[in-house]
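K.L.:
Hey, can you work out the whole structure from these sequences and the hints?
Residue numbers (the working numbering), protein chains in the order written: chain S, 527 to 669; chain G, 1369 to 2112.
These are calculated hints, taken from the structure and not from any lab test.
The beta-carbon is built from N, C-alpha and C at its ideal position, and this holds for glycine as well.
Treat each hint with caution, since some may be false.
What the hints assert, rightly or not - On the chain S side, residues computed to face chain G include the following (Cβ under 7 Å):
| no. | residue |
| --- | --- |
| 1 | Glu542 |
| 2 | His550 |
| 3 | Ala609 |
| 4 | Lys634 |
Said to hold, decoys possible - Only pairs whose alpha carbons sit at most 25 Å apart, straight line, appear in this in silico DSS-like list of lysine-lysine:
| no. | chain 1 | residue 1 | chain 2 | residue 2 |
| --- | --- | --- | --- | --- |
| 5 | S | Lys549 | G | Lys1829 |
| 6 | G | Lys2048 | S | Lys538 |
| 7 | G | Lys1516 | G | Lys1452 |
| 8 | S | Lys551 | G | Lys1915 |
| 9 | G | Lys1516 | S | Lys538 |
So you can see what is in the structure, the chains are spelled out below.
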Amino acid sequence: MPGKILIVDDEKGMLELLSMTFKHKTDYEVITTTDPVEVPRILAENDIDIVISDLRMPEIDGIELMDYVKQVDETIPFIVITAYGTIESAVEAMKKGAFDYITKPFRKEQIILTVDRAMKMRQLQKENIKLKEQLEQMRKKQV
Amino acid sequence: MKNFLTERKIIIGFGIVTVILLFMAFFTSLRSFKRVKQLAIEEFNQQQLVLARHVAFSLKTIINSLKEELAILNLSPTIQYLEKVSLANRMRITLSAVRNKGVLEIRRIDTNCNRVYVLDKNGVFKEITRCNNEEIKLFKWSQNRKNKGKIYISPIHTDNRSGKLIMYLVTPTYQDSYDEAHPKPTHKFVGCLMFTIDANQLVRMVASKVKSGKTGYAWVIDETGRFIYHPRKEYVGQNAFSVRKKEAHIPVSFARINAIQREKMLKGKEGTSWYISNWHLGVIRKMKKLIAYTPIWLKKRGDSPLWSVAVVAPMQEVETMVSDVYKQQLLFQGLVLLAIILVSFSVVGFERHYSVQLKKEVEEKTKDLRASEEKYRMLVENANDLIYLIDTTGRIISINKYGLNFFVDENTWAEPKDFVGKNIFSYIHSLDNAFTPEVLKEVLNSGVVSLEHEVEINQRKYWLNTKLIQIKRRTGEIAILGISRDITQHKEMAKQLFNTEKLASLGVLSAGVAHEINNPIAVILGFCDLLLEDGSLSPEEIHQVLKRIQEEAEKCKKIVENLLMFTRFREYTEEITDVNANLERVIALVSNNLLIKKIKLEKHLSPDLPKIKADARQIQQVFLNIINNAIQAMPNGGILTVTTRLNTQLNMVEIFIKDTGPGIKPEHRRKIFDPFFTTKKVGEGTGLGLTVSYGIVTNYGGTIDFETKTEEEDKENHGTTFIIRLPVYNPKQEEIKCQAKFLL
Ligand SMILES: Nc1ncnc2c1ncn2[C@@H]1O[C@H](COP(=O)(O)OP(=O)(O)O)[C@@H](O)[C@H]1O
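P.N.:
Shown next, in the form of structure tokens:
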């Protein structure tokens, strides 16, 4: 199941770890950035399926970023990474529409599982949209 | 309030006057209504009388014309000599002229009353050989020589056969005329000529055309009181005195009309009056009728026969006419009055409402004003500020009570008025030349001046924050309002830097640490996971991963080190140690760094500095942190000045570490001691250096302050100086401490 993941985190180490994990354990293509300001450009240039982001970043905070992404495409699942002991902020993010959250430190199986689930949902949604479009066209033809 | 009362009076007065006027108008209009009704009735009856006269006149004219026709016909020789061939023709000519005037027959009775020649109204000519009684009576009148040339008008009688009301015009015939056949008149009496007249038809011709008012009509009676004409056909020929009673469906008294008929009409009088009736053109009910009557003397005044014509109309007709007009007028009057009242009331009401509103508003405003004045007064009186009003030379106009606390000693009684008229500058002495008469000129120029200045008042020093505002007094003169706040304590506090409250509690600290440390640990663990489980990583990747792990582990180490040093959990040993020696050791550590960064070092270490009691490694850590900060602040070189000295007053060792860096920005100054506050890049700073130093120093009863100037604040002498004060070791105090411990 191919798909594109965007990972946003101000910590280089974390980005390296995640992209290496996805590279070796999955077929997903990974794009990373330490700068949340870059996200709009990346979203515009790539067909991103999932966004993973740290909640605490210096420039824009993770929830703000999620709001932005949801504005561009509401169906993109947004996964937040939070530090251990800051579950409250993760819950807050879930309330505002995050797909799921991962607490640091995490095991690779855990994050892969979460991303797989998100990707499945994303695929289903895409299919759904396509089917709807087809239906719409059929209706138009009938008319 | 007074205005209100008068206004009330005016309104009540207005109301009373209106009501009185209303009643007066009502009564006068009622009275005038009655009078007008009376007048109208009289007027109406006069008109009826005119109509009646018209009827009488018309009837007389018709009868006169009939008389004329009769007389003319009587002059005809054909009539006089009874020329049988042309007699009928001659009669026919006259008949055509009089037939429409009620003439039924023309009769010629012969000389001996043996024969009668008759032309009926259809033009049929007959010769009758016998005279009836009536004819004989009339003939006898004609025979009388005295009656030659006269015309007799007979009384009316009802014809037995046709039921018609018949009357005769009779004239005696003499052979006075002549023609070819009779060239010589004989002048002999030869009988008489007469018209048989349907009296009812004759009168109806005129009377039926009369219309009085809307529905009024005329009727005519003869001298016996018989109706010759009445619009109610049954009445015709009947006796006017009895027929009404006979026909009455409703019993009413006919006394009045009977009296009028008897006393007035049948006596040939003219007049107007009213009577009670029960009939009017088919309407049966009791009603008042107006009547106008006039006599018709058929021959001449005072001579029988006499007829009388009456014109009547229901009084109600006139009344309704008048009252209709009056109703309209009253309605109009009422409407006008109503309009006036409404307009006046709305005007008064509006004005009243407006004035009430105005009053309310004024009251509210007054209340507000009073409240604000009160508030203002309270504010001034209770303010913990020195508030004063001075003239442009500094003379006190007024001053608040609190201000007096500055001017007099405690426990000395003083009142604001004691100071009025004195000059403010004789009480407040400026120590920095900021608060002088000069400043008042500035206030007059710019309106407002704010200053922070040091003064001496009543032999005490203060820092004041003063605002001087130019104001215009109610009297019109310009004055200056001064508000001075005592900020002495504030200033001192600011000097002493930030207190322990600012320091993060251990909880906050550990939360921060957890976050800081979590990241590198998560990365390390993640990579380990990859490394351990997977054989697919390339050698380069493995190398990269290991390097990354090392970096992240370093980060952890640094954080933990700093943390351990900050907290008291780490074991430390207290010893009596020399500040200068510790400083030298740190300087040795960084000397290499100073060389690289081209930083010049200046040392002013006091040679006879007392010792302190502390853990030497901790003290070195503090110096190292602060000197490192200084070096980092001068990446392009500068001067690092390290000074030690004994502050005898405080009995503390003072260490000054001064750099010529960019200084600390004002917005950062309050935060630099906060844990994890850093302006440096990741890896360069942890934000814990100063936090840890603060913890260590305060732990020994010392303080850390700093003085800093940014380039903006001072282009020449920018930079930061950290001042560390540590208490001098005092063996005696130590003993006391020990004893205290034992006591506990
Ligand atoms: N000598 C100095 N000159 C300018 N800024 C300083 C100086 N010392 C400290 N600071 C400021 O205080 C902040 C906090 O310092 P510190 O607690 O030592 O943490 P760190 O040095 O790791 O940033 C620094 O990031 C810096 O902005």
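K.L.:
Checking each numbered hint in turn, tell me which of them this model violates, lowest number first.
P.N.:
5, 9
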